[in-house]
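Protein chains in written order, with my numbering: chain Y, 1 to 414; chain F, 1 to 414.
It is worth saying that the hints were derived from the structure and are not from the lab. For clarity, every value in this text was computed on a predicted model and none was experimentally measured.
If several chains are the same, the list does not tell them apart, and a pair holds so long as it fits within one copy or across any two.
Capping the alpha-carbon separation at 35 Å, the derived lysine-lysine pairs in DSBU-like fashion look like this:
#1 K324 with K365
#2 K205 with K104
#3 K104 with K324
#4 K365 with K104
#5 K104 with K412
Number of protein chains: 2
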Amino acid sequence: MIVEIVSTGTELLLGQIVNTNAPYLARKLNELGFDAVYQTTVGDNRRRMASVFSIALERADIVITSGGLGPTQGDITKEVSAELLGRDLQLHEPSVEHIQAFFKRRHLTMTNNNLRQAMMPTGAIVVTNHRGTAPGVIIEHGEKTIIHLPGPPAELEHMFENSILPYLTNRFGGQGVIISKVLRTFGIGESILEERIRQFILAQKNPTIALLARSGEIHVRLTAKADSEDAARALIAELEASLREHIEEYVFGMDEQSLEQVVGEELRRRELTVALAESCTGGGATAKLTDVPGSSAYLIGSIVCYDNRIKTELVGVAPETLQKHGAVSQETATEMAQGIRGRFAADIGIGITGIAGPDGGSDEKPVGLVYLAVAGQQGIIVEEEHFSGQRSAIKTRAVNSALDLLRRYLQKIK
Amino acid sequence: MIVEIVSTGTELLLGQIVNTNAPYLARKLNELGFDAVYQTTVGDNRRRMASVFSIALERADIVITSGGLGPTQGDITKEVSAELLGRDLQLHEPSVEHIQAFFKRRHLTMTNNNLRQAMMPTGAIVVTNHRGTAPGVIIEHGEKTIIHLPGPPAELEHMFENSILPYLTNRFGGQGVIISKVLRTFGIGESILEERIRQFILAQKNPTIALLARSGEIHVRLTAKADSEDAARALIAELEASLREHIEEYVFGMDEQSLEQVVGEELRRRELTVALAESCTGGGATAKLTDVPGSSAYLIGSIVCYDNRIKTELVGVAPETLQKHGAVSQETATEMAQGIRGRFAADIGIGITGIAGPDGGSDEKPVGLVYLAVAGQQGIIVEEEHFSGQRSAIKTRAVNSALDLLRRYLQKIK
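Kindly produce the complete structure, drawing on both the sequences and the hints.
See the structure below:
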């Protein structure tokens, strides 16, 4: 079954708000095995909305709309679809009572225009709104089905979960199951990764393979369709095993697992503590580590040593090192990692120093040059990185690379 | 001129990422006076993409697409539009050189599939990508114009601002002008703010007024339409002056000005330096201050004192204070601010301590309780805050509130 998601509302067209309903519905529908392959957004304009609904009903079996069911004159979704399908709008008594009760419960005054929300296309299935006043609507029209949902995300999501999802499952039943799994990689570029697994990409059918770049990470998404969840998971497991043979060293986690979660688990498992000395990242690596609940178990703290005086006086970098090699150097990064490790009595110390730009670069040391160091009982690793982009992108890449370096350091410790 | 925005990418259809490109383009186009009245999303499927492009070219004068210009086999945007418009794809030598230079600068290896990005429809205007490798494309085809932009937001936005916007203005000129101005407020809730300016909201016509909540900030956006930019700006200036009479103390900046930029400018203007002692925010406030280029002029650094040992040994909180009042207390926040100020020899010290959760709360000190302190020559301010929401929301609110407290502290210094 082909599904089109139509989002209505001039505020979406003006770019004043980001559309979160469409991705929510898309995710849910795909999980159910429906092919939600078109998404359209249109404003509160009768002619254009009618044309969008009409194209959608032609190319999709099921059209799901959001928005435009409210009490104002701008709420025209039901009127447009009723006219398009040649149906009248009639006052739906149970909805009137529901709306009245809603207002009474909240000690609010109901105005006459609230009754607009109780006008329903003839022959429609009316869906109660347990989170607001505007009911949902399902219209079965020949081979096609059109479903109108309210725009506020809390109302839409509650109605979808509790009424639309059971309706779709009962009526259309076994669409099969679509399952996705994401392998998250770090430290390899998109095109090199694609080269490595090209044979699988060219031969892909079911599961399919998609590559996605996400602030320095490349995600490999495997999507399988099968009759049951078990069968879909088995298809994914088989392909995943083959892919891992080619990219194993870069895979740090799966699905929603973040680098900071993975690093946190590895530290916790080994009962190790960590401290950081950050310069160009300004505390961003520490802040990311503390995004994980319970990170106080392994994070002692950090010093953000923006001023060179702090690097020497508090972190313990030798003044001669700064003089001879500069603040952005392998040597300074190393002494930052060693210094903070000693100073904070941590098992592992991390040093980050670089040039985030836009100023401060030179031919020898350009903007984007970053040194990362990890020091611990297993010795020291230092890496030189060259990042591109804006200041914020360079900072983010440096933060993520530092966490990945720590991850790789930990892997060497059994 | 009617514009349709077409977002391509299966990851959008699957709902794995939220589409931010479409609202960005919509906002920009509307400001320019174009009517961006359709938005469509389609996956990386040749047949469906061709049909979506074809419908868009029928109902719109200008079609702007995002995504699908990358090096992989799934990147088919140019192929689909070339075929639809009956054009060939040819290797574009300047783009090859640009891509080669990009890889060389970053010490990366270029693979053959990167050349896909340099294949261009015949007769197209090729737009250089200064933030990545995939060039943009403008095809003027009879009465219609189709513009292909890369998918990564940083690349798309830079290309739109610097190349597409001048192109559209030169070619299509006077569409009338729509200008928006945003007054950014902090420290006041949306409904209280709305009450304060209710008379203006009810009477709005041109300019219109919209309120938007953005991670603790409430933005008041004024949008005026007029024949010239000057006329639109005059309309906004008049309304802005009236609004400010009611909300002046909460307005910290305008348009894209962030709290950290405003605070940075205020510090710079007064030639003051700052240092931070952060606990529950994990370095997030320092990281935010360092997002501003040139922040090293006023930021000395910080200590993230996650472990209480660091609070006493390095920041200088008295062990008795921790024992008597606890790590999350007005007294500890104060001593953190004073301690870091002395330790780092900064003009102003900031202390942040709280419970970000989800664990660690109690009846007396619940999750979300945060103490913020600022210490300087003008004395000390401490504030107690109660934030709600998830761990990440509490951290973000604490970071923003600390910056706003610093801003208010600085305002008292002439």
